[in-house]
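*Asks:* Start from the sequences, fold in the hints, and give me the full structure.
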Amino acid sequence: MNVIYFMLPLALVLGALFVALFVWATKSGQYDDLDTPAKRMLFDDDKSEIKRKGDL
Amino acid sequence: MTTEHINTLKCNHCNDEFEARLAVYKDEQVFCCNGCKTVYAILHTRGLDKFYLLRNEEESFTPTPISKERGSFEYMNSHEFHDEFVSLKRDKKQVVFYLEGVHCMACIWLIEKTPNFIPNLLSARLNIAESTATFEFTKDLEVSTLAKELTSLGYYPHPVAPGDNSKTFQQREERSEILRIGIAGAAMGNIMIYAVSNYAGADGVYRETFNWLCLILSLPVVFYSALPFYKTSFQAFKLRTVSIDMPLSLAILAGFVFSTIGLFTGSDHNYFDSITTLIFLILLSRYFVKKATQQGLSNKGLNTFFTNSEVIKVDGEREILTHSRFILPGDLIKFKTDEKIIFDGLLKSSQAVIDNSVITGESRPIALKPMEEVFAGSVNLEDDILVEVLATAENTRLGKIVTSITNSELSKNNIVSRADNIAKYFVWIVTLLTAATFIYQLKFHGLNPAIEKALAIIIISCPCALALATPLAYIRTLNILKSLGIYIKNENILEKINSVTEIFLDKTGTITEGKFEILSFQNLSVYEDEKIHEIVYALEQVSTHPIANSLKKYFKKNEISKRALFTNAISINGLGVSVKDDVNNFFFGKLRSFEQTSSKQSQVGLYDNDQLIAIYTIGDKIKSSTPGLIDKLRNSGKNIHIASGDNAEVVVSVANELNLTKELAHGNLSPEDKAHLISQFHNTLMVGDGINDVLAFKKASVSIAVSGSADLSMRACDIFITNQNLKQIYNLITLAKETHKVVYRNFYFSLFYNSLGVALALFGVITPLMAAIFMPISSLTVLASSFLGTSKMRIIEKTKELK
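Line by line, the protein sequences give chains A and B. Our numbering numbers the first residue of the first sequence as 230 and each following residue consecutively. Our numbering numbers the first residue of the second sequence as 227 and each following residue consecutively.
Simulated from the structure, these hints should not be mistaken for lab results. All C-beta atoms in this analysis are idealised placements derived from N, C-alpha and C, irrespective of residue type, glycine included. Watch out, some of these pointers could steer you wrong.
[To be verified] Restraint ranges, calculated between C-beta atoms of paired labels, are given here:
| hint | chain 1 | residue 1 | chain 2 | residue 2 | range |
| --- | --- | --- | --- | --- | --- |
| 1 | B | A428 | A | D261 | 37 to 43 Å |
| 2 | A | K256 | B | Y974 | 38 to 44 Å |
| 3 | B | L314 | A | K256 | 41 to 47 Å |
| 4 | A | K256 | B | N865 | 49 to 55 Å |
| 5 | B | D309 | A | D261 | 21 to 27 Å |
| 6 | A | K256 | B | K783 | 52 to 58 Å |
| 7 | A | K256 | B | A387 | 37 to 43 Å |
| 8 | A | K256 | B | D564 | 32 to 38 Å |
| 9 | B | S378 | A | D261 | 39 to 45 Å |
| 10 | A | D261 | B | H305 | 40 to 46 Å |
[As the list claims (entries may be wrong)] Below 30 Å or equal to it, Euclidean Cα-Cα: the simulated BS3-like pairs (lysine-lysine) are:
| hint | chain 1 | residue 1 | chain 2 | residue 2 |
| --- | --- | --- | --- | --- |
| 11 | B | K517 | B | K708 |
| 12 | B | K516 | B | K562 |
| 13 | B | K516 | B | K1024 |
| 14 | B | K757 | B | K741 |
| 15 | A | K256 | B | K516 |
| 16 | B | K741 | B | K708 |
| 17 | B | K374 | A | K256 |
| 18 | A | K268 | B | K741 |
| 19 | B | K464 | B | K722 |
| 20 | B | K517 | A | K268 |
| 21 | A | K268 | B | K319 |
| 22 | B | K566 | B | K741 |
| 23 | B | K782 | B | K595 |
| 24 | B | K236 | B | K574 |
| 25 | A | K268 | B | K1024 |
| 26 | B | K318 | A | K256 |
| 27 | B | K574 | B | K722 |
| 28 | B | K779 | B | K252 |
| 29 | A | K268 | B | K315 |
| 30 | B | K722 | B | K757 |
| 31 | B | K864 | B | K888 |
| 32 | B | K315 | B | K365 |
| 33 | B | K778 | B | K574 |
| 34 | B | K517 | A | K256 |
| 35 | A | K268 | B | K236 |
| 36 | B | K722 | B | K516 |
| 37 | B | K566 | B | K757 |
| 38 | B | K252 | B | K782 |
| 39 | B | K1024 | B | K708 |
| 40 | B | K562 | B | K539 |
*Replies:* Structure follows, in structure tokens:
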């Protein structure tokens, strides 16, 4: 049962760490646009298919 | 989907349905106009065909066909422009554009691909909700080049100045909202771990430590996340009204204070887990409602209302392209054909034909003489005209209407929500029950159990289910509405729709298409139709009469060849056009009264040697979905009025066609008259599209702007419908009624749980553990009830999917 003296503070520190990260992410504007990224991730990476402007 | 008798095709670019005879072809692809064809060609040669694949996956794609030819954006390379709109980051430049024409996933893809084919463009990021895109580029790229490229893709750019005050404020609000939810969620999750351990039977030092941890973790939730509740309660208290946030705040604070006192005095019972869950769930559900209502109606549009980045200023011999912000009264401005006039001014050209329907609702184009006034918002239909500016931006007639809207917007949001109304009764019931329990327990069990049981009632009774009942029901409805193309600005408007009895419909653009069109063509001669069209087309070349314009447009669309058949055609003022020589003796113009077959529409005819050989009937067509809507609304017991700025006779004839009585057809109304008319009735719904409806929107209980509305109407209305089909208005009314049912069902459920809770509390069986079980169950029931909705809701949702 003694392991709880180690686990409990660790859990709290980890939790605090993630909350701090969340606060930082929000303040730096990562949640300002919630609509576009949800769709952006669905596009395939297909840079090679795109012709350069010179081909026009 | 449109009328049955017209053969329609779908444009390969914009997906719009259009009449088959207007089609433009290229590479076996079909388009509705040359603009769309050009954009297709550009995308195709650059290997960007994937745009169409992505686009087809979007069900709610409602784009505008590309038809406007726009200019060179030279002004964007000027120093003034750079100072204001371009920000420098080390050696990178950055500019933000509001893009007209952004709709969907495919647009994100296309715009963010631009760095691949525009040289020196480093990155492009689009925010789809706001329609703004941020571009980073090196100094070798001129902003005008970027703007031109975007235009060629079909997105018209309007520069957005960085650090717009209202935007940063809104952004701060939104960020703190997310923070509140996130922190409440994190704290709730952690508290749950310890609370559940305690319920499971942790004891001794563990139990005590866990209780203290719960207290510490609940601090940020109670004193930060829950702040909005206290604020609203306090405001409501100051205004001497009741808000749903009051019982909430009471439960939160009472629960927190008594749990803390209990902890210090050695009592084992606390409600930290219940309080934090409550705060988290309610914040979350409110956030979702807000998200569901805001979309599609960002305030960005208005900034571009009087703004045109391509104003042609005439300075002596020179023509200067400039931004509308640099125009002052007294300047001479040239407006091209089909260009929107954005200033109030005096006409300097010898003549002009103006479409004033935006302001007056008059469907016929108006011919103006020199020195007559033109108003911002109208459209120049014919040749280029010169206008001396009298007023710009907010000083124009239109600008004043805009200002009145922006001011009234704040006041209109103060609608008391249903939850607040019901909270009134709940607060009393709960207070009475709490008092009863307290007295009962005090008498039989002593002070401590009395406080405990009374507290249990406050905390587990009304707040959670009650506060969730409305938002959850609304989220579901708002999502269905969104899939139907209906956007709601304020969710509380949903309950107002239920009490509507008087419905006012605008005529031009709402009931009708809002365009002057050839309604019918009657050939009385032996010639072929084509031949007659050709003669008329040739004759009409000399006429600038509004009717001639609509005819010319019609011929152009039908690909009637424009032959110069007559050299000596003359226009007879107000009557028509005639040509008389050795071979021909034609007259084209107004019919003699005995020849008219319809008294309602304008009719013109072609005469060959004084013999009538063809009749054209011209008018504003009624939308195909209008009669269906009116029948349905009437059957559900609503009174339907027509309120129009158009000629009273025309309005009455439209009313006749729709089987409405004459008394309910109001014509000749100025924007102010319309507002006055509506203010004479109660429980009104105004449906319109133009700026002339905006003042009426303000007066009506509920206002709806239909597809194709002016920017300003979209801003002023409560509800905006992007779907072409007017029947959606009926769906909206039905859904509002069904939502009402669901909200009440939710309330009944929460009432049931409350009575059960009260009964248990009275018998003294309630413990924090019971509370911890009770709360989520009551919330889940409400959630399930909201999610199920009603059978009618499911039918509307399904039929939409089938379509």
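*Asks:* Take a quick look at whether K268 of chain A and K319 of chain B sit within 30 Å of each other, Cα to Cα.
*Replies:* Within the cut-off at roughly 27 Å; holds.
*Asks:* Mind checking the hinted window 38 to 44 Å against the Cβ distance between K256 of chain A and Y974 of chain B?
*Replies:* 43 Å, holds
*Asks:* Holds or violated: K722 of chain B with K757 of chain B, Cα cutoff 30 Å?
*Replies:* 57 Å, violated
*Asks:* Would you check the hint for K318 of chain B and K256 of chain A, treating anything up to 30 Å between C-alpha atoms as holding?
*Replies:* Given pair K318 of chain B, K256 of chain A holds - Cα atoms ~24 Å apart, limit 30 Å.
*Asks:* Given the hinted pair K864 of chain B and K888 of chain B, is their Cα-Cα distance within 30 Å?
*Replies:* Distance ~16 Å between K864 of chain B and K888 of chain B Cα, so the pair holds.
*Asks:* Between S378 of chain B and D261 of chain A, does the beta-carbon spacing fit 39 to 45 Å?
*Replies:* 29 Å, violated
*Asks:* Determine whether the Cβ-Cβ distance between K256 of chain A and A387 of chain B falls within the hinted range of 37 to 43 Å.
*Replies:* 23 Å, violated
*Asks:* Under the criterion that the straight-line Cα-Cα distance not exceed 30 Å, is the pair K516 of chain B, K1024 of chain B satisfied?
*Replies:* 25 Å, holds
*Asks:* Straight-line Cα separation of K722 of chain B and K516 of chain B no greater than 30 Å?
*Replies:* Answer holds: K722 of chain B to K516 of chain B is near 18 Å, not above 30 Å.
*Asks:* Are the Cα atoms of K517 of chain B and K268 of chain A separated by 30 Å or less?
*Replies:* Within the cut-off at roughly 17 Å; holds.
*Asks:* Do the alpha carbons of K757 of chain B and K741 of chain B lie within 30 Å of each other, as the hint requires?
*Replies:* Given that 30 Å is the threshold and the Cα spacing comes to 26 Å, the pair holds.
*Asks:* Range first: 40 to 46 Å. Now tell me if the beta carbons of D261 of chain A and H305 of chain B are that far apart.
*Replies:* 30 Å, violated
The structure is inconsistent with the numbered hints 3, 7, 8, 9, 10, 12, 17, 18, 24, 27, 30 and 37, although it conforms to all the rest.
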